[in-house]
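Asks: So the chains spell out like this:
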Amino acid sequence: MAIKAYQRIYTQLEAITKATVALRATGVSNDELAVVAGRLAQVVRTKGDLVTLQVFAGTEGIPTNAEVTFLGEPPTLKVGEALSGRFFDAYGHPIDGGPEIEGEERQIGGPSVNPYKRRQPSQLIPTGIAGIDLNNTLVSGQKIPFFADPDQPYNRVMADVALRADVDKIILGGMGLSNDDYLFFRHSFESAGALDKIICFINTTENPPVERLLIPDMALTAAEYFAVDKNEKVLVLLTDMTLYADALSIVSNRMDQIPSKDSMPGSLYSDLAKIYEKAVQLPTEGSITIIAVTTLNDGDITHAIPDNTGYITEGQLFLRADSDSGKVIIDPFRSLSRLKQLVQNKKTREDHSQVMNASVRLYADAQNAKTKLENGFDLSDYDKRCLQYAKDYATRLLSIDVNITITEMLDTAWELFGKYFSKAETGIKQALIDKYWNGN
Amino acid sequence: MKTTGIVKGIVSNLVTVRVDGPVAENEICYINLAGTRIMAEVIKVGGQDAQVQVFESTRGLKNGDTVEFEGRMLEATLGPGLLSSVYDGLQNDLTTMEGVFLRRGEYTDPINRETLWDFTPIAAPGDKVIAADWLGEVREGWLPHKIMVPFAFKGEFTVKSIVAAGQYNVDTVIAVLTDGEGVDHNVTMTQKWPVKVAIKGYREKPRPQRIMETGVRVIDTLNPIAEGGTGFIPGPFGCGKTVLQHAIAKQGDADVIVMAACGERANEVVEIFTEFPELIDPHTGRHLMERTTIICNTSNMPVAAREASVYTAMTICEYYRAMGLKCLLLADSTSRWAQALREMSNRMEELPGADAFPVDLSAIISNFYARAGMVVLNNGKTGAVTFIGTVSPAGGNLKEPVTESTKKAARCFYALEQNRADQKRYPAVSPLDSYSKYLEYPEIREYLDRTIEKGWVDKVADAKNIIRRGKEASEQINILGDDGVPMSYHVTFWKSELVDFVILQQDAFDAIDALCPLERQKHMLDLVLGICHRDFDFPDYEVCRDFFKNLINELRQMNYSAFKGEDFNRYESDIRRMVEKSE
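Chains as they are written, first to last, in the numbering used here: chain A, 32 to 471; chain B, 24 to 606.
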């Protein structure tokens with residue numbers, strides 16, 4: 032993105048806000064990049080010859096006579112095998128001390144896959160975490176966020192999931208990541224010996240917020256290169272999408288756009304969908320799976336960001352601290368994987384969906400028993416057994432610390448059924464009871 | 024001469040164009056972007072400037088780029104070959120596009136121009152005809168597809184000549200019509216029609232006369248939708264909107280189904296491509312895909328085309344309705360369409376209405392719903408467009424502009440409840456908040472009296488009442504505790520659970536339970552109401568609970584068994600025995 036010779040230099044800004052500048056210029060194309068006083072900016076509006084630029088690094092200290100040059104092109108990323116194992120900033124420049132990437136330059140935020148050319152996702156992604164594999168099985172080509180309060184260990188769970196998943200590339204897009212979390216990811220990837228299949232695009236809290244807007248497109252452009260050109264299975268991790276949406280609202284606010292619900296721009300749904308819908312199972316083996324994080328404010332999923340996300344993604348994984356077991360668990364009621372039925376009982380054992388439903392139903396009965404207890408009513412024998420079961424179920428299966436195979440998860444569930452319940456109480460189909468019952 | 028223009032301003036997909044001649048509201052234009060022609064539609068004119076919404080990405084567009092106006096509105100191409108197609112919102116055929124990615128400015132023909140169709144004439148030389156009259160017929164799959172006098176023809180025409188029965192492609196002139204002035208007009212098998220204008224060409228639009236069966240009990244029994252009626256399904260995410268809509272698409276008693284995936288997930292459309300070609304239409308025994316057209320403008324496709332997609336879908340339905348067919352239009356979700364309107368209104372810096380939606384949202388929605396309906400054609404035959412839209416209310420809160428505006432326009436309301444979904448009581452349609460205005464129509468009541476049984480609507484009201492009383496009883500039990508209420512409260516509560524589990528809940532993934540024909544729905548409702556009207560007394564609430572739990576289990580087994588088969592009958596006699604013993 033070097034400045035070419037004979038480029039016209041403008042030196043008179045007409046307006047400056049915290050995120051944008053405006054000036055009179057001609058021959059400017061929509062979405063193209065510019066440099067304002069050495070900082071990268073992008074054209075977001077033209078009105079006659081008045082051009083509005085969004086300055087990624089913020090406008091602090093930019094004077095009205097700042098030098099502005101236009102680069103004639105939207106943001107790009109150089110793609111190639113050399114991306115593997117590298118760490119970049121929001122502009123695609125290395126931050127790991129290594130050399131710049133040589134490769135084909137591609138515009139980021141490119142076109143969508145023709146929906147007719149997609150295939151139905153059908154490959155299981157095992158994670159070892161029973162709250163995911165047993166109750167909310169993931170499938171390649173899926174897009175799913177963790178919904179978590181800021182105090183939940185979502186980045187740790189995400190790193191675990193990434194390192195255990197059987198994929199060719201893991202691409203991390205970090206937005207507003209704390210420096211500690213960035214170093215945590217870096218350290219986890221290094222110590223797992225997985226660096227050769229990892230690519231990171233990082234914007235930390237130390238970087239300007241508007242820069243974050245580039246991160247998902249950078250990560251997904253790299254993902255499309257490996258999935259489409261190289262037929263690889265790519266897993267993209269995006270954390271934290273709430274901070275991404277906040278950056279969107281900053282820009283739209285500075286452009287005097289009328290906000291809709293929760294001060295978010297009216298286009299929030301389309302903006303998020305453009306990112307999440309990059310998840311795809313291609314007709315070849317290639318696929319892009321997106322696991323994201325959307326932090327919540329005190330578990331509120333009706334806020335515009337989680338709400339719009341929920342309508343776009345194929346389910347959500349809800350993290351919650353469980354007081355009975357003292358563990359962080361994947362909440363079986365509020366979590367959902369919309370694609371799970373594409374692999375359950377097909378790529379996993381025949382009893383999977385029945386065991387899942389029975390174990391969640393019994394856990395729900397335990398919650399009712401708990402409510403009864405809290406309201407001072409007497410507990411029946413069944414209620415008491417449910418409560419004991421719930422504690423075991425949370426500790427041995429729902430907890431995020433679990434790391435076992437799906438067959439082991441199913442066996443564990445049968446063991447708990449046999450320990451606490453009669454066959455009829457589980458409500459499982461007779462044929463499966465005959466085959467797997469583990470108890471009296 | 025065509026009007027031309029020059030780009031003067033760009034904000035995302037809203038472009039301001041300085042024009043040199045007349046332009047019309049909703050006129051289509053093409054913007055020349057470095058050699059690629061991209062389509063746009065005029066949405067506002069002020070002085071010399073037209074504001075146009077671009078149906079593609081505007082990346083790289085410059086001030087000074089040239090624009091050509093077409094002198095027409097956005098049009099759908101109509102003709103044989105629309106069924107089993109997969110289109111985007113602008114009716115481009117997605118199956119014939121090359122490459123994995125959608126390319127800007129790539130527009131494909133909606134119908135195959137080479138396919139030969141077996142044509143049989145209906146009209147004869149000398150016949151007097153007007154717009155929408157049938158000239159001939161071809162077989163499209165198993166459907167008789169009528170070739171009509173183009174809807175745009177005004178006045179009376181005389182058939183001058185018509186081709187003999189034989190095989191022709193859509194561009195063949197199949198008839199020559201002479202107008203009142205003696206001028207001849209050629210008619211082929213295809214015509215174009217502006218999507219935002221309703222296709223009239225019928226004699227009258229009476230009130231709906233009958234119901235459209237969906238095989239879903241909570242709709243057909245409790246809140247039936249009329250053939251030619253309108254309904255909508257609002258619900259938070261994860262409540263089963265898509266599953267319910269797919270069930271209606273698979274089972275709805277219609278000749279033609281048009282599904283508009285408007286701003287929703289691409290993988291849901293993939294599910295339709297993958298499954299529908301395998302599935303059989305329960306009414307005709309043919310493959311479902313043969314009667315289905317998919318309009319697919321997923322959430323990541325250009326926003327302006329999202330708005331166009333629902334209009335394109337409606338126009339295709341109206342076209343088939345003019346052939347005397349029953350059409351069902353499903354749009355998922357109309358909220359995304361409303362959001363597309365909001366995005367544009369916002370970019371035009373219009374004063375916003377509630378939640379930043381445009382102030383005329385309500386009018387736009389009711390105009391669209393008004394295009395559905397049953398019609399009597401010029402030849403006395405009837406056709407219908409039934410429309411069911413889904414709404415995705417922000418935060419699951421039904422007090423938001425799209426839900427409220429739709430509630431005024433649609434006659435059936437199927438509210439999906441988070442609470443029911445959490446309890447896995449699917450379909451999660453709320454039995455008390457939902458309604459069908461058609462149950463109040465004398466025509467529909469008379470139809471139900473005649474086809475199901477006299478007094479059916481009263482029975483339905485009775486079932487709803489049992490649920491209402493059960494809910495009240497359950498609230499009392501929760502406050503006062505199981506032992507704190509008289510036994511009758513428990514019985515009332517469990518009777519409502521009986522209706523809930525056996526009538527309201529239905530397993531969309533079970534081969535038998537998924538589709539419940541009206542006769543079977545009547546049988547089950549009679550059985551359940553019969554039980555509910557008996558008096559029971561139990562020594563304690565646990566006996567009461569166990570009795571009803573067993574009863575529910577047996578009744579559900581009936582739902583899973585073939586109607587009036589051996590198992591079904593056995594369960595039924597077991598149930599009757601259980602009930603008599605307990606009295």
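Accuracy of the hints is not assured; some may be wrong.
[Stated by the list, open to error] Lysine-lysine pairs mimicking BS3-like chemistry, simulated, CA-CA at most 27 Å apart:
1. B/447 / A/49
2. B/67 / A/292
3. B/85 / A/377
4. A/450 / A/466
5. B/219 / B/430
6. A/403 / B/447
7. B/430 / A/78
8. A/454 / B/572
9. B/431 / A/292
10. B/85 / A/109
11. B/545 / B/487
12. A/460 / B/572
[As the list claims (entries may be wrong)] Sample of chain A residues at the chain B side, in silico, Cβ under 8 Å:
13. 59
14. 62
15. 64
16. 78
17. 128
18. 142
19. 152
20. 294
21. 298
22. 304
23. 338
24. 342
[To be verified] So the derived label-pair ranges between C-beta atoms look like this:
25. B/119 / A/39: 56 to 62 Å
26. A/462 / B/492: 37 to 43 Å
27. A/181 / B/604: 55 to 61 Å
28. B/301 / A/365: 50 to 56 Å
29. B/306 / A/113: 57 to 63 Å
30. B/302 / A/136: 25 to 31 Å
31. B/119 / A/365: 54 to 60 Å
32. B/604 / A/365: 41 to 47 Å
33. B/59 / A/294: 44 to 50 Å
34. A/135 / B/431: 34 to 40 Å
35. A/398 / B/566: 20 to 26 Å
36. B/373 / A/405: 48 to 54 Å
37. B/566 / A/461: 23 to 29 Å
It is worth saying that the hints were derived from the structure and are not from the lab.
Yeah, the Cβ is synthetic: ideal placement off N, Cα and C, and Gly gets one too.
Asks: Decide, hint by hint, whether the structure agrees.
Replies: We went through each hint and held it up to the structure:
1. A C-alpha spacing of about 48 Å is found between residue 447 of chain B and residue 49 of chain A, which places the hinted pair above 27 Å, so the restraint is violated.
2. At roughly 26 Å between alpha-carbon atoms, residue 67 of chain B and residue 292 of chain A fall within 27 Å of each other, so this suggested pair holds.
3. For the suggested pair residue 85 of chain B and residue 377 of chain A, the alpha carbons sit about 52 Å apart, so the restraint of at most 27 Å is broken.
4. Using a Cα cut-off of 27 Å, the hinted pair residue 450 of chain A and residue 466 of chain A holds, with the two alpha carbons roughly 17 Å apart.
5. For the proposed pair residue 219 of chain B and residue 430 of chain B, the alpha carbon gap of about 22 Å is at most 27 Å, so the pair holds.
6. Pair hint residue 403 of chain A plus residue 447 of chain B holds up; C-alpha atoms about 21 Å apart against a cutoff of 27 Å.
7. Straight-line distance between C-alpha atoms of residue 430 of chain B and residue 78 of chain A comes to about 39 Å, which puts the hinted pair past the 27 Å bound.
8. Only pairs whose Cα atoms come within 27 Å are accepted, and residue 454 of chain A paired with residue 572 of chain B is accepted, the gap being roughly 16 Å.
9. This hinted pair checks out: residue 431 of chain B and residue 292 of chain A have alpha carbons roughly 23 Å apart, not beyond 27 Å.
10. Distance check on the hinted pair: residue 85 of chain B and residue 109 of chain A sit about 25 Å apart at the alpha-carbon level, within 27 Å; holds.
11. At most 27 Å may separate the alpha-carbon atoms for a hinted pair to count; residue 545 of chain B and residue 487 of chain B meet this at roughly 15 Å.
12. With a C-alpha separation of about 17 Å, the suggested pair residue 460 of chain A and residue 572 of chain B falls inside the 27 Å cut-off, and the hint holds.
13. Of the supplied interface hints, the one on residue 59 of chain A holds, with its beta-carbon coming within about 7 Å of a beta-carbon of chain B, less than 8 Å.
14. For residue 62 of chain A, the suggested interface contact is upheld, since its CB lies about 4 Å from the closest CB of chain B, less than 8 Å.
15. For residue 64 of chain A, the interface hint is violated, the least distance from its beta-carbon to any beta-carbon of chain B being 12 Å, above 8 Å.
16. With a least beta-carbon distance of about 4 Å to chain B, the hint placing residue 78 of chain A at the interface is held under the 8 Å criterion.
17. For the restraint placing residue 128 of chain A at the interface with chain B, the shortest Cβ-Cβ distance is roughly 33 Å, beyond the 8 Å limit, so the hint is violated.
18. Because the closest C-beta pair between residue 142 of chain A and chain B is about 5 Å apart, less than 8 Å, the hint holds.
19. At a threshold of 8 Å, the smallest CB-CB gap from residue 152 of chain A to chain B is about 7 Å, leaving the interface hint in force.
20. A distance limit of 8 Å between C-beta atoms decides the matter here; for residue 294 of chain A the minimum to chain B is near 11 Å, and the interface restraint is violated.
21. Nearest Cβ of chain B to the Cβ of residue 298 of chain A: about 5 Å, under the 8 Å cut. The hint holds.
22. Interface restraint check for residue 304 of chain A: the shortest CB-CB distance to chain B comes to about 3 Å, inside 8 Å, so the restraint holds.
23. Checking residue 338 of chain A against chain B by beta carbon gives a least distance of about 5 Å; that is within 8 Å, so the hint holds.
24. Against a cut-off of 8 Å between C-beta atoms, the interface hint on residue 342 of chain A holds, since the closest Cβ of chain B lies about 5 Å away.
25. Checked against the hint of 56 to 62 Å, the C-beta distance between residue 119 of chain B and residue 39 of chain A comes to roughly 44 Å, which is inconsistent with it.
26. Evaluation of the 37 to 43 Å hint for residue 462 of chain A and residue 492 of chain B yields a pass: the beta carbon distance comes to about 39 Å.
27. A C-beta distance of roughly 59 Å is found between residue 181 of chain A and residue 604 of chain B, which places it inside the suggested range of 55 to 61 Å.
28. Checking the proposed 50 to 56 Å range against residue 301 of chain B and residue 365 of chain A shows it is violated: the Cβ atoms sit about 33 Å from each other.
29. For residue 306 of chain B paired with residue 113 of chain A, a C-beta distance near 58 Å keeps the hint of 57 to 63 Å intact.
30. Between residue 302 of chain B and residue 136 of chain A the Cβ separation comes to about 46 Å, which falls outside the hinted range of 25 to 31 Å.
31. For the pair residue 119 of chain B and residue 365 of chain A, the supplied restraint of 54 to 60 Å is violated, since their beta-carbon distance comes to about 43 Å.
32. In this structure, residue 604 of chain B and residue 365 of chain A meet the distance hint of 41 to 47 Å, their C-beta atoms being roughly 42 Å apart.
33. Checking the proposed 44 to 50 Å range against residue 59 of chain B and residue 294 of chain A shows it is violated: the Cβ atoms sit about 37 Å from each other.
34. With their beta carbons about 54 Å apart, residue 135 of chain A and residue 431 of chain B fall outside the hinted range of 34 to 40 Å.
35. Checked against the hint of 20 to 26 Å, the pair residue 398 of chain A and residue 566 of chain B passes, with Cβ atoms roughly 25 Å apart.
36. Hint check: residue 373 of chain B to residue 405 of chain A, Cβ distance near 52 Å, so the stated range 48 to 54 Å holds.
37. Roughly 25 Å separates the CB atoms of residue 566 of chain B and residue 461 of chain A, a value that falls within the hinted 23 to 29 Å.
Of the numbered hints listed earlier, those contradicted by the structure are 1, 3, 7, 15, 17, 20, 25, 28, 30, 31, 33, 34.
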